[in-house]
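**Student:** Keeping their order, the protein sequence lines are chains A and B.
Every letter in the first sequence is one number past the one before it in the UniProt record's numbering, and letter 164, counting from 1, is 164.
Every letter in the second sequence is one number past the one before it in the UniProt record's numbering, and letter 92, counting from 1, is 92.
Just to be clear, a hint being listed does not mean it is correct.
[Said to hold, decoys possible] If you want the footprint, here are the derived chain B segments under chain A, 3+ residues with CB under 8 Å:
| id | region |
| --- | --- |
| 1 | 10–21 |
| 2 | 56–66 |
[As the list claims (entries may be wrong)] Over the 12 Å line for every Cβ pair with chain B, so calculated as not near, a few chain A residues:
| id | residue |
| --- | --- |
| 3 | 34 |
| 4 | 55 |
| 5 | 61 |
| 6 | 100 |
| 7 | 103 |
| 8 | 328 |
| 9 | 435 |
| 10 | 437 |
Hint data in this document are derived by calculation from the structure and do not stem from the laboratory.
Each residue gets a CB set at the ideal place from its N, CA and C atoms; glycine is no exception.
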Amino acid sequence: MNNPLKPALDKKTRKFKEYNSYNLQSNNYYLLPFRFIRLDEQNELLVNEVGDFLIVSSGTVERIVNKKLDKISDEELYADLIAAFFISETPIPALLDVISTRYRTKKSFLDHFTALHIFVISLRCEHTCHYCQVSRVSENKKAFDMQRHHIDKGIDLMMKSPNPHITMEFQGGEALLAFENITYAVIQAKEKAMLLNKKISFVICTNLAVITDEMLKFCKEHEILISSSLDGPSFIHNKNRHRNGNNSYELAVKGIEESRQVLGFDRVSALLTTTNLSLLYPHEIVDEYYKLGFRNIFLRPISPYGFANYNERKNHYKTSEFLDFYKKALDKIIELNLRGEFFREDYAAIILRKILTPFPVGYVDLQSPAGMINSVIVFNYDGKVYATDEARMLAETKDYTFELGSLDTHSYEELFYGDKARFFSDAWTNESLPGCSECALQSYCGADPVFNYATQGTFIGHRPTSSFCERNMAIIKHLFLLMEKDARIKTIFRTWITGNN
Amino acid sequence: MNYDLNNGSLIIKVDKNIYSEDVLYKCLYWYTNKYTVFIETKDDHYYSVSIKLANDLSVNEETAKQLNEQILRDLIDFKLRDIITKETQTVRELIVAKAFANFQIDPQYDFDISDPVGFNPDNV
């Protein structure tokens with residue numbers, strides 16, 4: 001009797017053929033879609049349709065495109081280009097389906113539609129931060145708190161999202177000033193999510209100044225994440241974030257500590273807003289986050305929306321100044337990592353995940369199609385529905401361009417698939433935007449019609465003068481150059497994606 | 001690429017046989033942050049491109065020389081990009097179409113499915 005195992009044992013286990021088993025005589029190859037950019041005088045960066053990259057010496061693209069590569073003398077490059085889908089030996093690549101699957105994976109953030117539902121639960125705030133885009137110092141609950149019937153309708157719409165995992169985020173003003181509305185909303189949403197078998201996460205954005213034990217107990221019970229604000233050491237934080245008593249920093253630090261004790265260390269995050277003052281202190285800001293036990297920081301520029309635009313002296317700076325700040329802070333962070341301390345810069349980590357993995361990132365500001373509506377929606381305190389958080393900030397300065405409708409009068413279909421949503425869709429894919437369509441960094445970047453409109457007056461925008469473009473181009477190129485310069489930095493960057501130290 | 005300086009504007013002639021209109025516009029688009037760019041069809045063979053500083057300052061001789069070299073280099077890059085875009089258009093469309101094609105195929109077997117434990121999948 002034949003041994004059924006024998007053929008298997010006889011099989012060669014090597015998956016790849018020897019290089020010389022291929023036809024080395026023919027130099028006929030076909031280009032596959034890719035884009036390129038000069039990283040510096042010596043290097044060109046090639047990025048294919050699914051975000052895979054190669055860094056090659058200057059002049060290589062010209063040789064590739066003009067079919068000057070030689071299989072024998074350029075053996076390594078040729079093999080890399082074939083393996084990474086930059087060229088093909090047949091007009092239609094044999095692994096076309098693999099490339100398509102990779103492409104679909106890169107865009108898989110679209111599969112489930114809107115995940116993040118922002119409820120602006122109150123516009124009231126006890127802070128008067130000079131960069132704030134929206135808040136009001138007011139005791140008038142009726143005018144500036146979200147009404148219960150709007151909360152109910154917002155929850156109903158949120159439950160209609162096809163997404164099986166939704167996030168309900170409470171924003172302000174200071175969200176905790178309307179805590180009784182948060183408790184109501186969380187309990188209502190949880191009940192409905194359970195009936196529909198949806199997974200729901202809750203986030204409260206708060207400055208922590210008014211948090212109490214009772215609130216923390218509720219957050220613990222319902223597994224609510226706390227997203228707070230920390231602008232750096234007290235001399236920066238208190239200067240940026242005004243409140244009576246000039247003690248915003250002290251209350252934030254106290255709130256972070258108490259929240260960590262009750263909710264757990266990783267259930268509390270902090271966000272930085274970079275003002276003109278911050279630009280002078282990149283190292284001090286990183287040190288402050290490190291000192292407070294954070295192992296990550298999100299180096300964010302100021303949002304050019306709403307009231308923030310009014311205070312030019314404090315909130316306006318050139319992108320080049322922000323980039324200088326960013327690079328100095330990043331150097332400091334890398335230095336910490338080189339000393340063996342895990343510490344991550346979140347914006348870099350988002351981009352690195354796009355560069356170094358086949359997967360997309362759930363970060364609404366760097367998506368194409370844009371995060372607006374597709375990933376995020378905002379239910380404002382007054383019942384109006386906006387395409388993004390930034391869109392409602394614009395509305396606070398009486399610009400209602402991105403208002404999709406009202407919770408009182410519009411259906412889910414009218415809000416999410418209506419004429420306005422379709423109108424915005426013309427400008428929300430960077431694959432089709434001027435300046436972006438042939439940009440090598442396209443798959444690591446995104447489209448942001450709201451930002452374009454707010455800063456340049458059009459949804460499409462003008463890339464040569466866009467601070468969004470300038471900032472992202474510079475940061476992405478900088479990350480590539482850092483990895484190219486020092487293999488240890490590439491290893492550090494990988495730990496930022498995996499979280500493994 | 002030869003150039004002239006005329007009333008503070010850099011004037012260059014771009015050969016239509018070498019650089020298409022697409023390439024020319026895509027390349028010069030990136031100069032519109034600092035410069036005002038005029039493109040004219042001079043004759044059947046050349047485009048005439050006039051570039052001046054957006055704030056109406058004159059382009060001096062040194063800037064003109066550097067600018068001319070930079071534009072030439074960028075034109076070559078954008079021509080390469082144009083070749084890639086046009087040559088790979090069909091494959092790119094195929095990749096995207098296949099990526100988002102919305103269908104499921106029920107496996108159709110052209111042989112009898114063995115049923116060693118008496119579980120008939122056809123009855124499911």
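**Student:** A separate judgement is required for each hint: does it hold in the structure or not?
**Tutor:** Cross-check of the supplied hints:
| no. | hint | in the structure |
| --- | --- | --- |
| 1 | 10–21 | violated (count 0) |
| 2 | 56–66 | violated (count 0) |
| 3 | 34 | violated (6 Å) |
| 4 | 55 | holds (16 Å) |
| 5 | 61 | violated (6 Å) |
| 6 | 100 | violated (4 Å) |
| 7 | 103 | violated (4 Å) |
| 8 | 328 | holds (25 Å) |
| 9 | 435 | violated (6 Å) |
| 10 | 437 | violated (8 Å) |
The structure is inconsistent with the numbered hints 1, 2, 3, 5, 6, 7, 9, 10, although it conforms to all the rest.
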